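Protein sequences, first through last, are from chains X and R.
Per the numbering used here: the first sequence = residues 1 to 343.
Per the numbering used here: the second sequence = residues 1001 to 1343.
Quick caveat, the hints were computed from the structure, so don't treat them as lab data.
Here the structure is a predicted model, which is why all the values come from computation and not from measurement.
For each residue, glycine too, the CB sits at the ideal point set by N, CA and C.
Careful: at least some of the hints might be erroneous.
What the hints assert, rightly or not - Simulated crosslink set (BS3-like; lysine-lysine; CA at most 25 Å straight-line):
| # | chain 1 | residue 1 | chain 2 | residue 2 |
| --- | --- | --- | --- | --- |
| 1 | R | 1159 | R | 1120 |
| 2 | R | 1125 | R | 1155 |
| 3 | R | 1159 | X | 159 |
| 4 | X | 142 | R | 1140 |
What the hints assert, rightly or not - With the C-beta cut set under 10 Å, the calculated list includes, among others, these residues of chain R facing chain X:
| # | residue |
| --- | --- |
| 5 | 1050 |
| 6 | 1147 |
| 7 | 1291 |
| 8 | 1332 |
| 9 | 1336 |
Number of protein chains: 2
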Amino acid sequence: MQCPMPKIDFDIITLAHGSGGLLTNKLLEYGVFDLLKNEELDKHHDGATLELNGKIAFSTDSFVISPVFFPGGDIGELAINGTVNDIAMCGAIPQYLSLSFILEEGLSMQEFWNILVSIKFAAEKSGVKIVTGDTKVVDKGKGDKIFINTTGIGKMHPKANISLQNIKAGDQIIVSDQIATHGIAILSVRQGLEFETTIESDTRNLNDMTLKLLDEFGDKIKLFRDPTRGGVAATLNEIARDANLGIELLESKIPVDVQVKAACEILGLDPLYTANEGVFMAIVAPEIADNVVSILHQFEEAQYASIIGEVVGEHNGQVLINNAMGGKRVVHMPIGEQLPRIC
Amino acid sequence: MQCPMPKIDFDIITLAHGSGGLLTNKLLEYGVFDLLKNEELDKHHDGATLELNGKIAFSTDSFVISPVFFPGGDIGELAINGTVNDIAMCGAIPQYLSLSFILEEGLSMQEFWNILVSIKFAAEKSGVKIVTGDTKVVDKGKGDKIFINTTGIGKMHPKANISLQNIKAGDQIIVSDQIATHGIAILSVRQGLEFETTIESDTRNLNDMTLKLLDEFGDKIKLFRDPTRGGVAATLNEIARDANLGIELLESKIPVDVQVKAACEILGLDPLYTANEGVFMAIVAPEIADNVVSILHQFEEAQYASIIGEVVGEHNGQVLINNAMGGKRVVHMPIGEQLPRIC
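This is chain X alone, in the form it adopts within the complex (with noise of 0.2 Å):
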């Protein structure tokens, strides 16, 4: 990941770089533009013109995330996988990024430029091209260094059917890896907890992953979430509610790190409501599940792969959790905001 910044006569994030003006100009030239070179960008108009046919997926984030730079990844690459996901989760495969800035004046060009190296690096990893954008600069003290909005279109994948309206009883609930580890990351870092190990966020594409499953098993794939803010709980909870049916959990199935664990107890924290940023969860036909778990384990992101639970024809609208002790209990919708700013 080495991209030095190149030779630009100012250090530090101005208003005037939001004017529309030549230091606008000059900070898209020699920053964003080199960097993110490609044939779209480089036509400089207000919007790109892109060929696309049939069914897309469309979706959009805004990253606030605070601190900005944190262990296993920035800002920049939450913004880029963020969003990736996002298509990816609606069974289609992400093609196109579009990204706004909005920096506060004052924000340092070096920070900046390693979070747009970020960027190019995770739009290469994931097979996305960014091609529109815009830059605003807010006054000190009205902004927090640097939010990100990206938005994207993917193409429908030819075989996904992916809704909620598929579901069944019966249907099984996959996890890709282990959770809580992003919500953790990023609150120890706030916290300057230290662990034996530092314990570094997933911040990562899951478009290889979702793909690969849909190649597979088609419309067998009822369903792809990623539980990001609220974590599996909101995540499982608004299936629940959303496809009007039972959710059963079993906890000693639910894969968690041991640190991350070890972090939630002492921060009295629950991983079920942690947010994720590189876990996904698939509701599977019964009969494929097994296959699911095993092709995911051929994937380095997906080797803690598990059936957590499965959809049931009761209790309809909730999600319960049985523990390992033969105790029930139910996984409410998180109220508040355990962790605020995560993503």
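Since chain X is already given, all that's left is putting chain R on it; use the hints.
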């Protein structure tokens, strides 16, 4: 524009409304989803699934205007019109928008509601559907009430062939209405200036006009651009530079409202450098220029449409202006920020 706010058991946006939990859901269910209701949004997925064919335009903008309510509009209306217009400037028919909020903790629900209502009506007026979105909340003092990103997709007009490459010496430069109004409206309210009548922002959708011109004249329309930040001067300088041609303007032909002109004089601002929101420029083949102006005059929002200059084969990259006394001067690219946070 009557849409009473529904009964919501909170008056103030808090960090918890950005959590992805119950309070986020409440905000979306009672506020956003109900007001902006449509088939795609009703699916409550992280992304929208859309049918699109062929060539499309894709554009993004983040809006950080201060103050968020101003004479003639608010940030919500501006955010819809801004992206609709960027799509229109590509020669496309705006169809779908994403909508992403960064709210500052402490924003009143009433203000947010008023902005949402503006969004609804602006989207209806310009014929676009808001199909996906995102809401984040940042701590008090880390934002400024509300920032909005909109990103749009539009189908290319079948007759459009908008491109800098098509511009030739002799092509005529048309402006659709009086310039500098938006910038002066914002500055007046910031500075507490009073005029005989209030100067109102010209924020509006421009796609009705651009599509009508494409219907009529197809590829004789070489370029559309809306001169927002940096005004007419920045936009024409970009065109002269990127097309490597010269531009000559006639000062006497550039329409400016008399009050706006007076305000510019008092404030020491040049209307050419002042931001617009409801004005576009068209560069067109000379044989259609008068007809373009006649058609524009049929629209209420383009009563002052006028040919303001032409493209020339000399002083390439430079914009010159001829004044009434026979003088000629260079219109430089603006360097820094005349009016920060104008959109």
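**OP:** Could you tell me which of the hints above the structure violates, numbers in ascending order?
**Re:** 1, 3 and 7
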